[in-house]
Amino acid sequence: MTARLDPFAAAPVQMKAWLDMSLKIAPAVEQSLLELVKIRASQINGCANCLKMHTAEARKAGESEERIYLLSAWREAPCYTPRERAALAWTEALTLVSVERAPEEIYAELAFEFTPEEQVQLTLMINAINGWNRLAVGFNLFYDAKPAVAHEAAAA
Numbered sequence: 112m113t114a115r116l117d118p119f120a121a122a123p124v125q126m127k128a129w130l131d132m133s134l135k136i137a138p139a140v141e142q143s144l145l146e147l148v149k150i151r152a153s154q155i156n157g158c159a160n161c162l163k164m165h166t167a168e169a170r171k172a173g174e175s176e177e178r179i180y181l182l183s184a185w186r187e188a189p190c191y192t193p194r195e196r197a198a199l200a201w202t203e204a205l206t207l208v209s210v211e212r213a214p215e216e217i218y219a220e221l222a223f224e225f226t227p228e229e230q231v232q233l234t235l236m237i238n239a240i241n242g243w244n245r246l247a248v249g250f251n252l253f254y255d256a257k258p259a260v261a262h263e264a265a266a267a
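Going by this note's numbering, the sequence shown opens with residue 112, and the numbers climb by one from there.
Please note: incorrect hints may appear among the correct ones.
[Said to hold, decoys possible] Here are the simulated DSSO-like cross-link-like pairs (lysine-lysine), alpha carbons at most 27 Å apart as the crow flies:
#, residue 1, residue 2
1, Lys163, Lys127
2, Lys127, Lys171
3, Lys135, Lys171
4, Lys163, Lys135
If you're looking for bench data, these hints aren't it; they were derived computationally from the structure. All figures in this text were calculated on a predicted structure; none of them were measured in a lab.
Generate the whole structure from the sequences, applying the supplied hints.
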């Protein structure tokens, strides 16, 4: 697959702002849970680039291979906590929002497990990963590692 465009080269100011926002939006939510959310959204969206990146990040955050492998079948797998299940259901609802909106029963579970601030942070993270998925899928991006230009953009 050949990349159609390098968004970091084409629009460095906007990509730096997007990256900065993505790195700062969910400080109250556990990193391992955020990585599970990013992986699940990326599975739904078919984003190989983000799957590669976030499975590696999940391992660094302490996630087991089993939990990563079972993520696409999280409803049947007993290894996820009620908090994780609420986040994964919310991720699916928002990633597939055109299908059935955001059902009340899914939101009720989210509200039971997460504070209002965490709900906002998690929702922003779901929006961010869906945006990253669309950039990567739209421009045919696949990096062997995080692109150096992304690290440079974050540092600038």
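Numbers of the earlier hints that this structure fails to satisfy, in rising order: Per hint list: zero violations.
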